[in-house]
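A.B. asks: Given next are the chains, with one letter for each unit.
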Amino acid sequence: MNRKQRIMLFRILLSALIMAVLAFIPSEGVLRFVLYLIPYLIAGYDILIKAARGIINGQVLDECFLMAAATVGAVALAIYEQSGDYTEAVAVMLFYQTGELFQSYAVGKSRKNITELMDIRPDYANIEKDGKLEKVDPDSVAVGSIIVIQPGEKVPIDGIITEGSSSLNTSALTGESLPREVKEGDRIISGSVNMTGVLRVRTEKAFGESTVSKILDLVENASSRKSKSEDFISKFARIYTPAVCISALLLALLPPVASIAMGNPAGWEIWIYRALTFLVISCPCALVVSIPLSFFAGIGGASKAGVLIKGSNYLETLSKTKTVVFDKTGTLTEGVFEVSGIHHSTMADDKLIEYAALAESASSHPISKSLQKAYGKSVDRTRVGNIRELGGKGVKATVDGRAIACGNTKLMKDLGVDAAECRSAGTVVHMAVDGKYAGHIVISDIIKSAAGEAVRALRKAGVSRIVMLTGDSEKSAREVADKLGIETFYSGLLPADKVAKVEELLSEEKNGGKLAFVGDGINDAPVLRRADIGIAMGAMGSDAAIEAADVVLMDDDPMKIVKAIRISKKCLAIVYQNIVFAIGVKLLCLLLGALGIANMWLAIFADVGVMIIAVLNAIRALFVRKL
Amino acid sequence: MKKTYQIEVDCAACADKMERAAKKTDGVSDCTVNFMMQRMTVEFDGNADADTVMKNVRKQCRKVESGCEVFI
Chain A
328 MNRKQRIMLF RILLSALIMA VLAFIPSEGV LRFVLYLIPY LIAGYDILIK
378 AARGIINGQV LDECFLMAAA TVGAVALAIY EQSGDYTEAV AVMLFYQTGE
428 LFQSYAVGKS RKNITELMDI RPDYANIEKD GKLEKVDPDS VAVGSIIVIQ
478 PGEKVPIDGI ITEGSSSLNT SALTGESLPR EVKEGDRIIS GSVNMTGVLR
528 VRTEKAFGES TVSKILDLVE NASSRKSKSE DFISKFARIY TPAVCISALL
578 LALLPPVASI AMGNPAGWEI WIYRALTFLV ISCPCALVVS IPLSFFAGIG
628 GASKAGVLIK GSNYLETLSK TKTVVFDKTG TLTEGVFEVS GIHHSTMADD
678 KLIEYAALAE SASSHPISKS LQKAYGKSVD RTRVGNIREL GGKGVKATVD
728 GRAIACGNTK LMKDLGVDAA ECRSAGTVVH MAVDGKYAGH IVISDIIKSA
778 AGEAVRALRK AGVSRIVMLT GDSEKSAREV ADKLGIETFY SGLLPADKVA
828 KVEELLSEEK NGGKLAFVGD GINDAPVLRR ADIGIAMGAM GSDAAIEAAD
878 VVLMDDDPMK IVKAIRISKK CLAIVYQNIV FAIGVKLLCL LLGALGIANM
928 WLAIFADVGV MIIAVLNAIR ALFVRKL
Chain B
2 MKKTYQIEVD CAACADKMER AAKKTDGVSD CTVNFMMQRM TVEFDGNADA
52 DTVMKNVRKQ CRKVESGCEV FI
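First to last, the sequence lines map onto chains A and B.
When you number the first sequence by this note's numbering, it's gap-free, plus one each residue, and the end is 954.
When you number the second sequence by this note's numbering, it's gap-free, plus one each residue, and the end is 73.
One thing to keep in mind: the hints can contain errors.
What the hints assert, rightly or not - Taking lysine to any residue and the SDA-like style, the derived pairs with C-alpha atoms no more than 25 angstroms apart in a straight line are: (1) A/Lys637 x B/Thr33; (2) A/Lys532 x A/Lys553; (3) A/Lys439 x B/Lys4.
Claimed, not checked - Just a sample of chain A residues kept apart from chain B, beta carbon distances all over 12 angstroms, derived: (4) Leu364; (5) Ile376; (6) Ser498; (7) Ala564; (8) Lys740; (9) Phe816; (10) Lys897.
It should be emphasised that the hints constitute simulated quantities derived from the structure, not laboratory data.
Because the structure is a prediction, the values reported are computed rather than measured.
C-beta: ideal position from N, C-alpha, C; glycine also.
Excised from the complex, chain B in its bound form (with noise of 0.2 angstroms):
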């Protein structure tokens, strides 16, 4: 399942920071942050739920790059 959502980020060395972060969190098996188009596209593990995933997606993101939002 993949999914795309709206973030707001800065700066592209945070943004890649973000892509990073995202992607080792439980859950995500891929992410790529596109810093031009302020958007995160995830793809899901197969039973992941995404809401929840997000969660923490947003907070692994928080912790790298702190000023950053993703609009769940």
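Extracted from the complex, chain A is given alone in its bound form (with noise of 0.2 angstroms):
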């Protein structure tokens, strides 16, 4: 509690003390009055002056108007009737202060809580200086200088380890909990915290390009993003307020009216009374906190888990996710290829994997890298020369004054080049020298071990369509979409047809689905872009697909994906929960204090308790480890 709050607990107990004093002393007339009126000063006067602020400014209908309008009343009918009955009056007072309290202090409270979980900001890093370790700003540290990281410490800032070895704890950033480990020539990313070893890591990146400032500046402005619901109700707000209080100036004139035009008496204390009771329920307080309150609890609970959401509005449109699109490799698959075939070779093995080897040495597509890996010795680019990449198609280049050309049958087509169909399932990189056919090198993909469980747990989280996109041949496209169960594929695509088809699939959504692309964030930002949710996987350290992604997924697991959905769901069950509720108590209160039923004291305990309610169940919002 800040010192605002316990101000405010002090003169709601003294206020309450004071009550419980004056019900046992008996009292009459100006005297009633005059002691009655110091506890309901000591609990609302600063009430009373906003409300009288607030007219000068112009802002006739804010909650502190209302209260005042409907206390103030309710004493002025004590006094006309001569009922000598204050304490309600009082008691709507100290109600709702103490709902003000409770809402400032819970909503502060799990604020807080949500930024720490969400705080992985380092403080400082350390640096050497005649052989003493020094703590310095971490924004203070140079690219390329030296860090010196211990055992317990977050690591500060990204870079490549120097010296030492060690394991990282990266559960902060991933929600895994499984260590990392790392030595010598390893790149390791700021956020996570070193457990066992010293390391020594030579910094890549300034403090605010680091990994850790992206992914809080990401978190943080999250919330900034409004989701439909929240504009919903902040328009529902804005209405709400102006038309119980046109309804309870309604219910106090015309009832008595329509009463003495019949004949009757006019009754006006009842009524107006009623009116009263209707302004005491017109703050819309409660409404307004609890639903980006759920929608912060959400994102906060997701980032836990390794799920970062770029904004309430992604949240939601997450939670109607009906169509999830994959770029196969990278997300279904490794993305880690290997050379498994040789075939139809016109010259030895070896040579052929050298010369593709070479040719590719300077794209950083996973294909080029498993073949330098199969060619197992580091690449001389003096003998390569006049590369081209032929995007969809594959690489032009001379080796060795060799022509050499390494890609798909439509690079083979092009240069009019017969190339040998392959019968194995895989990536086909057929090789061409010198105009001639030279044979192809058959290369796969493995597919993730959980890849088939997220497929079956994406069905089984309301998602109807499963759809798989690659660059691949058919064949090696069918052999992976048959083994996860996925029966919609299209394949050879380019990237400029990705974008095509994922065009053509939104079109074909209907009752307001949404439609998630995943991808691996190599290459595939503009479909990211296009998607109605672009989700990267595998993200740590690639700031191209933070930067497109909506939904950034900090390791490369699938099931993440089936985790983000069931997040957002909840989160989203939530905040409809707490609209329904909270209106639908709101206008159960209304009706019952216009048909007079419901006194001001209930009034008030309902919008109190409420918004109780509302906030703990808004807070539910961050529990998502077990989802």
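Each of the two chains sits in its own frame; use the hints to bring them together as a complex.
C.D. replies: Here it is, written out as structure tokens:
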């Protein structure tokens, strides 16, 4: 509790105590009024001041004004009726203030908890100076400096280990509790915690550009992108208060006037009292606070599980996902290719691999990496020249003075070379040397162990259509799709085709169902942007993916997609519960109030109670571990 | 130009009011108030001076929600 809240608590307790004492002191007339004025003012003087200020500034319908009007009205009625029943007015003020206090405390507390949960910000970096470690602000560490990370400390800046080995706990980033073993030469990312050994790290980025800063920035700004539910609620709140006030006015005037017209006594007191009850229920705050809190808690819980969601709006869209489109490589499969066969080779197999590895040496594509791996030696780049990458087809280059082309059948067709067909599944890299066919290399990818389970779990989570896109041949695509139980797949797609395919699938979406595209963050930024929801996997360290995607999975476990969808569904369920519950109870109270069944006590109880329950319910969105 | 400011506000409806008030202030082209992070992100018009504009924003916000604070 902060100072403001403690003062408020003291005022509430003091006022309640005085009320309790006054209940045993018989008093009448002016004395009674003055006595009860004391607890009333202690509890609500600031409300009265704010109400007055609100009128001056043209904010007539603010909640303070409403509370002031309701309680002052109740007091006036008590004087008019000479009942001396001031308890109600004081009680309403007391409960209202209690509710406000609870709200500010609970919301503040959960805000802090969630923020702490996301707090992976490192406070310092160690720099060695004259043989001694010195703690400095990570912001001031220049790129390329050597930092020392001791066991138990957070990695402050992305970098490469120059000395030492250790295990890293990346759970704050990925939600994965298994530690990662790292050694000299490994690249490590900020935000993970060094567990066992001392590490010396050469920084590769400035602090502001490091993973941890990017993630924090992303999560902290997430709740600024408001969802439709939030917009609905803030619009509703804007209409709700004036509507209730007008109804209150009508309720105070119409029935008595009608009654007079029919020749009956007006009964002003009854109707004015009921109208005042309306004013008590007119504050929309319970509603307005619980919705963003639910989203905030949902996003916080998700980020703890290694799922970064860039905005409340995306969380909402994610919950309506009906179609999930996978870009095969790197999402369903490991994206780690291995050379599994060399066929129809016109030269020594090693030579063919050597040419392929050299020609592809400039490419960062996983296929090229596997070729380098199969080659096994370091690439002498001076032997390669004239490299031209042909997107979606392959590469042309000159190696040792010979014209090498390696790529798919399309490339061979372009070159007018007859390619031998391959019967094994996998990616086939055809080779042409000096314009003649020289055989092909088969590279196959490994399906991720969790992929099959993820596909089944996605179906269970309400995803009705699962589609796989790939640039690979139909054969290898079919093999993967069959193994995983995916019935729709499109193969042989160029990057641009993928965008067109996703657009086509988007147009087939019905009944507000949403389409999520899952990519590995390499070369698929346009598709990530085009889909309703772009999910980038294994994005740790890949800035482009973090930029382009709406949801970022920190590791490459396909089950995380299921988790993300489940989290979004739970969060949205809570949001709808709160909307229906809060609006429902308010409307019920209004109805009962109008009929004279609910008095002011019940009204304020309901109002404060709804808020407390809604806030507690909202906090539930934070718990996502078991999803 | 976009800048983010720390704010202090007690209720979500009030945060919403502050957002609307800030948007109407001269020199502000857009504004979002993030109640949960207690932050206000203001996008200024091209030639506006951030500090002067923010003083007005604070004034406007105080008018709609007297208990609020904007840390400039």
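A.B. asks: Run every hint past the structure and note whether it holds.
C.D. replies: Each hint tested on the structure:
1. Among the hinted pairs, A/Lys637 with B/Thr33 is consistent with the structure: their alpha-carbon atoms are about 15 angstroms apart, no more than 25 angstroms.
2. Among the hinted pairs, A/Lys532 with A/Lys553 is inconsistent with the structure: their alpha-carbon atoms are about 32 angstroms apart, more than 25 angstroms.
3. Our distance criterion of 25 angstroms between C-alpha atoms is met by A/Lys439 and B/Lys4, whose separation comes to about 23 angstroms.
4. The beta carbon of A/Leu364 is kept farther than 12 angstroms from every beta carbon of chain B, the shortest such distance being approximately 23 angstroms.
5. Not every CB of chain B is more than 12 angstroms from the CB of A/Ile376 (nearest about 8 angstroms), against its label as outside the interface.
6. The claim that A/Ser498 is not at the interface with chain B holds, since no C-beta of that chain comes within 12 angstroms of its own (minimum 23 angstroms).
7. At the 12 angstroms boundary, the C-beta of A/Ala564 falls inside the reach of chain B, the nearest C-beta of that chain being 6 angstroms off.
8. Every Cβ of chain B is farther than 12 angstroms from the Cβ of A/Lys740; the closest lies at roughly 51 angstroms, confirming the non-interface assignment.
9. Residue placement check: A/Phe816 keeps its beta carbon more than 12 angstroms from all beta carbons of chain B (closest about 41 angstroms).
10. No Cβ of chain B approaches the Cβ of A/Lys897 within 12 angstroms, the least distance being about 18 angstroms, so the stated non-interface status holds.
Checked against the numbered hints given earlier, the structure breaks hints 2, 5, 7 and satisfies all the rest.
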